[in-house]
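If you're matching them up, the sequences are chains A and B in order. All residue numbers for the first sequence refer to full-length UniProt numbering, where the first residue is 1 and numbers rise by one. All residue numbers for the second sequence refer to full-length UniProt numbering, where the first residue is 1 and numbers rise by one.
Among the hints, a few may not be true.
[To be verified] Computed cross-link-like contacts, EDC-like style, restricted to lysine to aspartate or glutamate with a CA-CA straight-line distance of at most 16 Å:
| id | chain 1 | residue 1 | chain 2 | residue 2 |
| --- | --- | --- | --- | --- |
| 1 | A | Lys87 | B | Asp75 |
| 2 | A | Lys115 | A | Glu297 |
| 3 | A | Lys87 | A | Asp105 |
| 4 | A | Lys318 | A | Glu374 |
| 5 | A | Lys91 | A | Glu41 |
| 6 | A | Lys74 | B | Glu24 |
| 7 | A | Lys309 | A | Glu289 |
| 8 | A | Lys309 | A | Glu374 |
| 9 | A | Lys59 | A | Glu71 |
| 10 | A | Lys52 | B | Glu24 |
| 11 | A | Lys87 | B | Asp47 |
| 12 | A | Lys59 | B | Glu24 |
| 13 | A | Lys554 | A | Asp529 |
| 14 | A | Lys425 | A | Glu390 |
| 15 | A | Lys87 | A | Glu41 |
No lab work stands behind these hints, which were simulated from the structure alone.
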Amino acid sequence: MTSITGVGVSAGRVIGPVMQMPPAVAEPAADSRIPDAATAEAETERIKAAAKAVQALLKARAETAHGDAAEVLKATALMAADPMLIKSAAKLLAAGRSAERAVWDAGGQVADQLKALGGYMAERAADVLDVRARIVAELRGDPAPGIPDSAGPIILAAEDLAPADTATLDPDRVIALVTAGGGPQSHTAIIARALGLPAVVAATGATELEEGLEVYVDGAAGLVITDPGEAERTAAADYAARATLPPFDGSGTTADGHRVPLLANVGGGEEAAVAAAAGAEGVGLLRTEFCFLNRSEEPTIPEQVAAYKAVFEAFPGKKVVVRTLDAGADKPLPFLTDATEPNPALGVRGYRTDWTTPGVLERQLQAIAQAAAESTAVVWVMAPMIATAEEAGHFAGLCSAAGLDTSGVMVEVPSAALTAGSILKRVEFASLGTNDLTQYTMAADRQLGPLAALNDPWQPAVLRLVQATVDGARLGGTGQAPKPVGVCGESAADPALGVVLVGLGVSTLSMTARALPGVAAVLRSVTLDQARDLAGLALSADTAAEARAAVRSKLPVLDTLGL
Amino acid sequence: MPERTATIASRVGLHARPAAIFAEAAGEQPVEVTIALAGAPEDEAMDASSILSLMSLGAEFGTQVVLRAEGTGADEALDTLVKVLETDHDAE
Numbered sequence: 001m002t003s004i005t006g007v008g009v010s011a012g013r014v015i016g017p018v019m020q021m022p023p024a025v026a027e028p029a030a031d032s033r034i035p036d037a038a039t040a041e042a043e044t045e046r047i048k049a050a051a052k053a054v055q056a057l058l059k060a061r062a063e064t065a066h067g068d069a070a071e072v073l074k075a076t077a078l079m080a081a082d083p084m085l086i087k088s089a090a091k092l093l094a095a096g097r098s099a100e101r102a103v104w105d106a107g108g109q110v111a112d113q114l115k116a117l118g119g120y121m122a123e124r125a126a127d128v129l130d131v132r133a134r135i136v137a138e139l140r141g142d143p144a145p146g147i148p149d150s151a152g153p154i155i156l157a158a159e160d161l162a163p164a165d166t167a168t169l170d171p172d173r174v175i176a177l178v179t180a181g182g183g184p185q186s187h188t189a190i191i192a193r194a195l196g197l198p199a200v201v202a203a204t205g206a207t208e209l210e211e212g213l214e215v216y217v218d219g220a221a222g223l224v225i226t227d228p229g230e231a232e233r234t235a236a237a238d239y240a241a242r243a244t245l246p247p248f249d250g251s252g253t254t255a256d257g258h259r260v261p262l263l264a265n266v267g268g269g270e271e272a273a274v275a276a277a278a279g280a281e282g283v284g285l286l287r288t289e290f291c292f293l294n295r296s297e298e299p300t301i302p303e304q305v306a307a308y309k310a311v312f313e314a315f316p317g318k319k320v321v322v323r324t325l326d327a328g329a330d331k332p333l334p335f336l337t338d339a340t341e342p343n344p345a346l347g348v349r350g351y352r353t354d355w356t357t358p359g360v361l362e363r364q365l366q367a368i369a370q371a372a373a374e375s376t377a378v379v380w381v382m383a384p385m386i387a388t389a390e391e392a393g394h395f396a397g398l399c400s401a402a403g404l405d406t407s408g409v410m411v412e413v414p415s416a417a418l419t420a421g422s423i424l425k426r427v428e429f430a431s432l433g434t435n436d437l438t439q440y441t442m443a444a445d446r447q448l449g450p451l452a453a454l455n456d457p458w459q460p461a462v463l464r465l466v467q468a469t470v471d472g473a474r475l476g477g478t479g480q481a482p483k484p485v486g487v488c489g490e491s492a493a494d495p496a497l498g499v500v501l502v503g504l505g506v507s508t509l510s511m512t513a514r515a516l517p518g519v520a521a522v523l524r525s526v527t528l529d530q531a532r533d534l535a536g537l538a539l540s541a542d543t544a545a546e547a548r549a550a551v552r553s554k555l556p557v558l559d560t561l562g563l
Numbered sequence: 001m002p003e004r005t006a007t008i009a010s011r012v013g014l015h016a017r018p019a020a021i022f023a024e025a026a027g028e029q030p031v032e033v034t035i036a037l038a039g040a041p042e043d044e045a046m047d048a049s050s051i052l053s054l055m056s057l058g059a060e061f062g063t064q065v066v067l068r069a070e071g072t073g074a075d076e077a078l079d080t081l082v083k084v085l086e087t088d089h090d091a092e
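Isolated chain B (complex conformation) (with noise of 0.2 Å):
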């Protein structure tokens, strides 16, 4: 399944303003898009879309999550939301 690893680039983490923009952006993609934490297991990935389970992921400024995702424009989804998560929402 492809995947990518990203690092969270907004310094309150991946909650609130940065969140919101994330899962509005992979409820977009024309795939099921899951993160997790880098290095826990696949099957405790979670639903990119959700804000809720966002927020309880517990991403910080720095930390480094997993996308995965499958099906046709799997890689160009998991590329678009890369950049997303590489941003630095708070210095806009």
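Okay, chain A solo, but in the shape it has when bound (with noise of 0.2 Å):
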């Protein structure tokens, strides 16, 4: 029994086999020929037998699918054997490339002209590459690119996981995800919190573990485990028993009635609609950035007026937080954002791109008031990024200008949660996201494996900027009551830590709305004093380690739900 220590970024325990995830497809060498024994015409045929064969995978794929992702598919079958893309590639075979060159570049060609198309078409371009990888393996022989085939459950071993594995990753099929890669706020860390599996990041070693060998993966600890013995065997049986998580019933509450309104964070109209049917007492972040990826230009304000709409229809009458545009890093919008900076996650991003694009800005908070306007959700505007209490000021003033009376702002900046009293005295709400907050406090690239462990939101110094922000405002709002701070971070997605958020005394938590029902029976197990007391335990722990451990042994309700 030997075991991997990682990050644990998705609770759950499960027993399984583990299925490596095949290496990306390499790109066959740009000068390789056709060989000479070889004809084009022969070649051609031999193009067409390997696009049948993906065809024919991803069509009975899709017959196993479900919904969106088997008309995804379907769609994505067709493009296999695409008259089109045979013939481009025919053509490169005639010029003298090699097979798997000639369909390398004949698929790279219409990836790029639908990318130019930009919109939906730009969106099935990496569809494109995904037939184009498959079809070089299958004329090479080897396993086709993606998430494996299996007959049973298996839990995946892989580097990373990319956004193009999710449309076939089977949660029925595969029952737990362990990557090398990747950190707390990597993508597969969020793909496993939104399907709700139990997942291990920055697991050095897991791309090594043997095809087929049973492991234990405790999603929570962190913990991967060879050849499970009796304790893990219970512990996994216990998981398996756990007591159904009642859906959320729409107030979120600590046992004493303390209220905590339970948002939801949105990219748009149709996970609006999503959230709204979860239960989500509003929406504490509307990404508006996610309406527009892929635009080269900026969106009309009559464009901006639908996309904002469609999500306060969703919330008659509830709160709806609209955050502007914060492109930049790795959100790049190419009417906003230079994309040659060094080191962009310092750079002009955020509220920030307001000084070198001026103008963005203003038209959105003039679309946000149209749309506000002709609805009846209560709109909170606020802005990313903001480091001075000048900022906030400024922001606050385009805002009224623009007849938007409730301006905030994203406390993300270690400078914005020590001055929080300052900028609350110009804004009325802050909201943290503690995703970037921790990556700036920790000096540690989000994206990165081998930091995983300092992006930690458990990390100690996090929750001091984030009493530090709540401290600030109860300054801000002298002589009244405070003014609210909530947290729209992936942290406020993990129940235990949203409990200790909410003995800081922040006032709403907002999340994926896949999340609300554990962290709504979690807050509701205890009372404030409770949660209080959690908190001054996580605040008094020396390491990210401690904090997470000391308060998940007060909460007994983690275990009895399997979270």
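Can you join these two chains into the complex? Each is in its own frame, and there are hints to help.
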């Protein structure tokens, strides 16, 4: 029995056989030529056969998939044997390129054309690149890229998962994720939480686990154990027999009735409708940039109004917190960001794009105000990446000029947490973006696997900055009630950390809709005083691991519910 | 050459599911069928069974397109495909 320790990012305890994700298909050499013994005609037939084989496999998968995933797979299957793709590959073959390289280039050209069309077409470019990789693997006789097929349940081990892998990730078949790379905010972690799958990331050695080997995964403790013993079997059986989580009833509260509205993070109208159906009491974070990713030009005001209204209409009479465009770093918008910055996480991003591209923010505020006027949602607006009180004041001015009364800021830069008192004299509320706050506090890029342990919102330094922000909100509201401070980072979706945040004085928690039942159930198991005690326990811990362990040990409900 | 003009009835346009349904139907015909935007020159017409070509055509809801085919069974093939285009596949 050996164990690997990583970072637990999604709770749950299971046992199952390991399946390794095949490595990505390597690009064929640019100068690879058609072999002397082969003819272009024969190679064209080989490409056709490979394309048909890929198409048949994708079709078979589409038949076992459901809903949207099935539709995506059906369309992808058609792309695999698309006559246009094969014709252009045949032309390249005739010019002397190898079959693998011809498919690679032909697929690349089509993907570029689709990208240039923008919007929905640009999103399909990724499907074409997936098809291209599959045909090249087939031509080489290599295993197909992507999540492997399996008869029974498996534990998927990989270097890291890409967004494109999600469409084929079937939670009935894949029962846990273990990756060598990634961190608490990496794509793998976000997918795992969205699907409710136990997951351990930054587990060095995950890609060396033997195929078919039985392992135990504890997604809360961040443990992977090979050849599990009695203790692990009992733990997995207890998890399998866990009490089912009641659906969220639409009212977040502690055991003694202290109200903590539980809100949802959404990226557009569709997600807002899902969140409303899941009982969310409003939207704590509308990521407006998600309405306009892949856009090379600024969206027009009518387009923006339509996108925002779709969200407002899902929450009539309820609070919707709109974050203005947060472009930069991992979410570039060509009309706002400069892709050549040497250090984009510390560059012109978030609110700062207003300095280099003035006008976009004012037009966006105008669109938000118009959409708000045409619906009954209670609309609040906040700016991302605020670092100083002057910035907060300037933003508040822009909001009132647009007719938006409730302006606030994201607190994700440590300076904003430390000067929250001054900032909250100028705006009405703050929302802690704990993902970025952690990355900036710990000076650790959230995309980097080796830094995953630093990128943990349980870090005592991060919790102290949360406390500083809440304290500042009391100062900012001199003479009256403190101004509201919410949390809209991934940390709000961790039920144990949610309790700590409430104990620290946070007034609302906003999360992915999927996390609402768990957070609500755990919050309801403690009184406000108990939450304060747990917050004290976390704050006085020396390390993130100690803080998490100390708090979790006082919340037996986590085990009962398998969280 | 036999040809037909049809109006796209799917509200998302000739993308996604409607495009997949149409490309598949076109591939099942005994003759090669081409598609072009109404008014576009005939030599710009594209293979109707290519989903990638359909997607790059950019035909939205209400757009008129011209289908062309030649040979035995061309008329029947065109009639079948016009019906596919003039059905709103999102409503199903």
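Holds or violated: Lys74 of chain A and Glu24 of chain B, Cα atoms, limit 16 Å. This hinted pair holds, its Cα atoms lying about 10 Å apart.
Hint consistency between Lys318 of chain A and Glu374 of chain A [alpha-carbon to alpha-carbon, up to 16 Å]: holds, 14 Å
Straight-line alpha-carbon gap Lys59 of chain A to Glu71 of chain A, limit 16 Å: Measuring from Cα to Cα gives roughly 10 Å; hence the hint holds.
Holds or violated: Lys87 of chain A with Glu41 of chain A, Cα cutoff 16 Å? This hinted pair holds, its Cα atoms lying about 12 Å apart.
Keeping to a limit of 16 Å between CA atoms, is the pair of Lys309 of chain A and Glu374 of chain A held or broken? Holds: Lys309 of chain A and Glu374 of chain A sit about 8 Å apart, inside 16 Å.
Restraint status (C-alpha distance of Lys87 of chain A to Asp47 of chain B at most 16 Å): holds, 11 Å
Checking one constraint from the list: CA of Lys59 of chain A to CA of Glu24 of chain B, max 16 Å. Satisfied? OK: Lys59 of chain A and Glu24 of chain B at ~12 Å, within 16 Å.
Proposed proximity, Asp105 of chain A with Lys87 of chain A (alpha carbon, max 16 Å): holds, 12 Å
Tell me if the straight-line CA distance from Lys309 of chain A to Glu289 of chain A falls inside 16 Å. holds, 15 Å
Please work out if Lys87 of chain A and Asp75 of chain B have their alpha carbons no farther apart than 16 Å. Roughly 26 Å between the alpha carbons, so the hint for Lys87 of chain A and Asp75 of chain B is violated.
Would the hint linking Lys115 of chain A and Glu297 of chain A be met if the CA-CA limit is 16 Å? Satisfied, since the Cα-Cα distance of roughly 14 Å is no more than 16 Å.
Does Glu390 of chain A lie within 16 Å of Lys425 of chain A when you go C-alpha to C-alpha? Answer holds: Lys425 of chain A to Glu390 of chain A is near 11 Å, not above 16 Å.
Against the hints set out earlier in the document, a violation occurs for number 1 only.
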